[in-house]
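Participant: Here are the chains, one letter per residue:
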Amino acid sequence: MTATLTTTARAGWFTEAEDRLREELTEHFARQVEPHIPAWESAGEIPLRDILTALGERGMLGLRFPVERGGAGHSAWSHVVLAECLGELSSDSVGMSVTVHNDMVAPMIAEAGGPEAVERHLRPALTGRHLLAHAVSEPGAGSDVAAVATTAVPVDGGYRVSGTKQWVIAGMYADAYAVLARLPEAKPPFGYVLLMVPRSAEGVTVGPADPTLGMRAAGVAGSVRLDEVFVPQSDRLGGHGLGLVTQLRQFEPERIVSACRALAIAARLLRDTRARLAERSTFGESVGSRQEIVFRLARLEADIAAARQLAYTGIDRWVAGGDHRTVSAAVKLRSSRLTRRVARECLHLYGAQGQLTEEGVNRAFRDARLFSISTGSDEMMLTALARLNGWADD
Amino acid sequence: MTATLTTTARAGWFTEAEDRLREELTEHFARQVEPHIPAWESAGEIPLRDILTALGERGMLGLRFPVERGGAGHSAWSHVVLAECLGELSSDSVGMSVTVHNDMVAPMIAEAGGPEAVERHLRPALTGRHLLAHAVSEPGAGSDVAAVATTAVPVDGGYRVSGTKQWVIAGMYADAYAVLARLPEAKPPFGYVLLMVPRSAEGVTVGPADPTLGMRAAGVAGSVRLDEVFVPQSDRLGGHGLGLVTQLRQFEPERIVSACRALAIAARLLRDTRARLAERSTFGESVGSRQEIVFRLARLEADIAAARQLAYTGIDRWVAGGDHRTVSAAVKLRSSRLTRRVARECLHLYGAQGQLTEEGVNRAFRDARLFSISTGSDEMMLTALARLNGWADD
Amino acid sequence: MTELSTAPGLSTAPGAPAPPVSRAPGGIPTEVFRKQLAEFSAARGELLAADRWESQDPPVRELLGAAGAAGLFRAAWAVDEADRPRALWHAVELHTAFARLGNGAPGAPLLTHLDVATRLLATLPAAPAGLVERALDGRTTAALAVTEPGGAGSDLASLTTAVRRDKDTLTVTGEKWFISNAPYADHLLVLADDPEAVTGSRTGPALLLLEATAPGVARETLDTSGHTGLTGRIRLDAAPVHTVLAPGGHGLLRLMRHWIHERVMVAVRMTELASAVVDHAAEAAHHRRTFGSALIANQQVRFRLADLSAQVLETRAAVHHGIRLLAEGGCPMAYAAVCKYRAAELLRTAADEALQLSGADGYRTGHPAQRALRDGLGLALAGGTDELMLLQIDRG
Amino acid sequence: MTELSTAPGLSTAPGAPAPPVSRAPGGIPTEVFRKQLAEFSAARGELLAADRWESQDPPVRELLGAAGAAGLFRAAWAVDEADRPRALWHAVELHTAFARLGNGAPGAPLLTHLDVATRLLATLPAAPAGLVERALDGRTTAALAVTEPGGAGSDLASLTTAVRRDKDTLTVTGEKWFISNAPYADHLLVLADDPEAVTGSRTGPALLLLEATAPGVARETLDTSGHTGLTGRIRLDAAPVHTVLAPGGHGLLRLMRHWIHERVMVAVRMTELASAVVDHAAEAAHHRRTFGSALIANQQVRFRLADLSAQVLETRAAVHHGIRLLAEGGCPMAYAAVCKYRAAELLRTAADEALQLSGADGYRTGHPAQRALRDGLGLALAGGTDELMLLQIDRG
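Protein chains in written order, with UniProt numbering: chain D, 1 to 394; chain E, 1 to 394; chain H, 1 to 396; chain V, 1 to 396.
Heads up, some of the hints might be wrong.
Said to hold, decoys possible - Covered, in the sense of this in silico footprint (three residues per stretch, anywhere, with C-beta under 8 angstroms from a C-beta of chain D), are these stretches of chain V:
| hint | stretch |
| --- | --- |
| 1 | 190 to 197 |
| 2 | 376 to 384 |
Said to hold, decoys possible - Facing chain D, from chain V, some residues (calculated, C-beta under 10 angstroms):
| hint | residue |
| --- | --- |
| 3 | 150 |
| 4 | 292 |
| 5 | 348 |
Source of the hints: derived by calculation from the structure; they are not laboratory data.
Glycine included, C-beta positions come from ideal geometry on N, C-alpha and C.
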């Protein structure tokens, strides 16, 4: 994206304080994170704890949560700023892992956790010293969250949880997992519990995942096995039986924040590609000035600019307490597909160079492909949109 | 399409005799038909009888039918040549009307008609003096042919037919209609009859259609009402109760022939657009030489060249007696969508000029939009492909 | 589908730590105007019947007169600088409402009248007194004549229409085509080359006011596939200039600024046309039956509609941001181009898909999607082609 | 999905008036070879295991050796001009079969060996005696080194690798990258500029044979996202030339002709890779369950698969026609470009869609669609980019 269009896209949506936050985060990431990414990616591991601690020390985690729960009492717009700055990083293993911690699990504790859960999990998480991950997916359940087989049996003072979760992003790094489990009498949407399970709890076994297309440094856990793990009632998020409802409600704003990160990735790729093409020439002409390429990039810019407005609209609805479900599904769908397309087109424009695994554009292509699959696949979003529009299912 | 690619695409598929036929037809159409098209289109009417009579006199109708049924005993490739030459005409009202006569209705008589039906309907049709149309669609039935409400009640020596057909292309010009009707005890796929109904029969009322996007000179009948029309048994095509089967079997080859016409239209539009752009310049540069336009046209050329091979493969399967159902559905889908896309892109490249109703490219855009809707909509073809691949329905 | 068309309410979200203040574009109350628009359409149904707008002689003047008399233009007109946001959001309401009347067709001349001709005139100090006022009352209308045969719409450097001095009068000779509202205009705003600097001190394009009935002015309605009966050709044969609106060398600059406004407004209209056809297709899919069940029972139909609805929401969000930028006086050329390009793309896609979902019924003239498909082709050219928009986006 | 891969039978259609003779490409009996291929894959399963081809050190030499020993290359090799059609259709069988083995990966070095290096060598009279024979037995292999860092693949006019005379020997200096099979090659076919006409009477690109183990030749395996472990970088520092295969000014011409063949064969491979992932996705959709039913029960899934299957049939038809034209010695550059472009487009689309249909499972390394997506990116560049193909199509 051209700088002008990005500025124009943000006009009216962000306060001056948020602009300053963006500057601070940009500078922090540029100095403390981005330079290390090639080495981290090469090693297949990121120092997530250090990354989060540095953010925590600067007071940049949980900005939107109430002060009394360890946050800064700012609005969700500050989380959008973080999401967009994460999208500027050339590794979405970093972006996604931070997002899981700060925008997927922490909000559920902030909004549905009791005082003890807040003390035990949220406050330390916001210092960056207690790492959170989300153990929701299960073998065979796919995007059908209600189909979890993990069971929580109520026992004295809490639950005994047994089951296996898979594909837990940052699961190898995390100290605690948010786990959705069904009660023995589960009947969707009721009969579920959402529990915070420390990795150190007895009966928890975590194993690495098989290699994946991208997200190679995201510490993906292939399995989080829970074998009769005791979880005290005070680590339950939301009411007994209301776990699925708490979880589903959280997905909606989370998807808009993810979309903001996706669109920032797309905008960065476009900017980098534009810069690279300006330098590169074939047949004695700058590649970037060729009309076909000008049009190609401009089309993508227009698409990103438009999708950004939808994302901001969604955030605004959410912040202002309006119904943001439709916008959430729409922008998740649009941004996932768009970022995937932008990454593919940019990769193409990098030619042979783009084939190298270590190239940023190659990594971005591989990382960004996940958006259409995870945290609400394209197909899930289409289904949700149809339902929200009142178009009946079969 | 460039002339070279077109020649290359045909290599190995057509005989020298068919190449000569193409030359004759091309010359005939260029002299006798194309010059009149602007006037015909402006009047909203074509002299279909004259057009067909001229073809009949030259022995160019029904070429693939057996000699003993009035044909020339050639192969279906001769009909492909006709279809492609029809696609060269700037009015698909002509192309579609001739196709309905020669490649939709005539084949059903040639293949499933008894001796009397052949004498009464096919032989005169192949002289171009007896015009055939296909009254298949009904209000409310859409592409679901089996849902026809028109009923044929068996009576002494034949049937009494009542019902209303709609959207009959060339219906205003026709002398006889192929009509699919259900027997009182119909149970799909059995219990239907396919009948040839003369327009002059008692109880037949034909009315014009409301205006449509394209096909404005195709003599579309908005309704063909049949009120207790008596049809003798000798005018039945196929067995008693086998009308739907006879009809459905006919659709498969017919769609491949239609695809050949569609692709010829697409190739012509591309050729004309290329020629026009070569002349036109803005900002002091030939528009056609701009890289974006070069790529755009080349992409479409590649798509047309590929789809042509699928069409020829389908024709070949059919001629050689192989299973051509899958190819038929695939090429109908691909060619309809492609021709629609080519027409839209060419229209765009004509700029303001293309907005004029009388411009060939504007008419082509409007005419070609029908392919994705009629004679097997895109959705029907996708459904058929899924079934033929063995992917079960809900 | 209209959920983004108004500002969200300011209710309190439980647990939201920051005060729930919306930062979304809009927030201007337009309910009263919306009601006024509904009353107008109820009262003037005969003017808005879709079939009247399929003829070569649609009731353009009657519509403009009625709308002016009902105060619809003045409601969307800023009395001063501070009033601009209110006026712009009222204009959005106007174009949104008209996108759903008469298959969207009557909205075309209305936008040309208000947001092309009248608004351009109002920015030109040399415009004759009272002209804007009469236009706002719907008593007169003007047409902006820029495009010429042969040249691409975007290549204005190669104007062949020229103004010359003929004794004491300035006259214009040349040809313009695809001029919206030309058949119905009282005045023509003509962009013409001034090779001899007769309109000022510099050569280059000048913007001139002509009376449509002046000698040497010949107009005809073009037979276009979209915007039926609304677009004209103008032949000027030494036609006398009434007023020099912008002298040689200044005409294009005036238009450039004007086009930012026009493009965003056209984008509003295209987005709402798309929204209307998607809603119509969804509604129809509940009634149309194939193979024994309603069309909407097909998952692929629901997915296609859902996809389109997401595109509508997205484009509307983008376009409303454009309105906000206009309201604040700071919409860059590139952003207006984003709005125009995206909306054109949306309308093309939505109309074509909605037509497909309607089957043979969609092929019928009079079907909303079919009309939108045809009109969308012309709208994509109005105010600059896709390619021009892309070049402006590239320039940032 | 394989129904177009063989010539249709010659059964008699009832009522067909003309003798039912197929005019389709092919018609060469390949059943025996197909059986041989099936036996090979059954016997050498360990060489073809997908995970071995995800390492940086896949068993390329073992595979080539085994395939050569089993006579697979000779079966697809023409002994004379008249034998060409037979050989080409056998090559099609070979690439079709290998597209379904080991996630399609082992087919990559095999195509490079047979249809790039060996076939090019065979067209060069100056090639050392016995080289082609040894290659056909799978005992040696060569790599064609054209692409250079920095330059676009298609801009061969700006070669920086150059051949010079150093006393009695010719030496080459420069760098090549993205060279298929380079890590495993015995010989390198290097395109190098000859600025001083030391290889012949003209300046310009020459084609040179180098021994891969010669002094001054350094090779490394590139870490590419597709074609894992198969692609290399070659640094040449005054490396001695073994043989001048085509002198200065003639190198490019030789390659141009060769590329027609290569592009059509790469298109065969891409089409069959696409076909394999679509079939895999369809099969998996019967087993994968979401929301209580098999994925295939979703109409939108069936439609997407049906759409892809139509694209596979179409591209296969186009590519097989290309083989026919090659067999008849008359495939124009533009048609080869059509095959290559269409197949690249198909593979991109099919792999991406098949991955999507597989959900999180598709994101896993080792999933056929995921592998095809990565390999497809490289294949789209092999033998010329999309853009070069489009320019050649434009030239007709």
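Participant: Please flag the earlier hints that this structure goes against, numbers listed from lowest up.
Facilitator: The structure breaks only hint 1.
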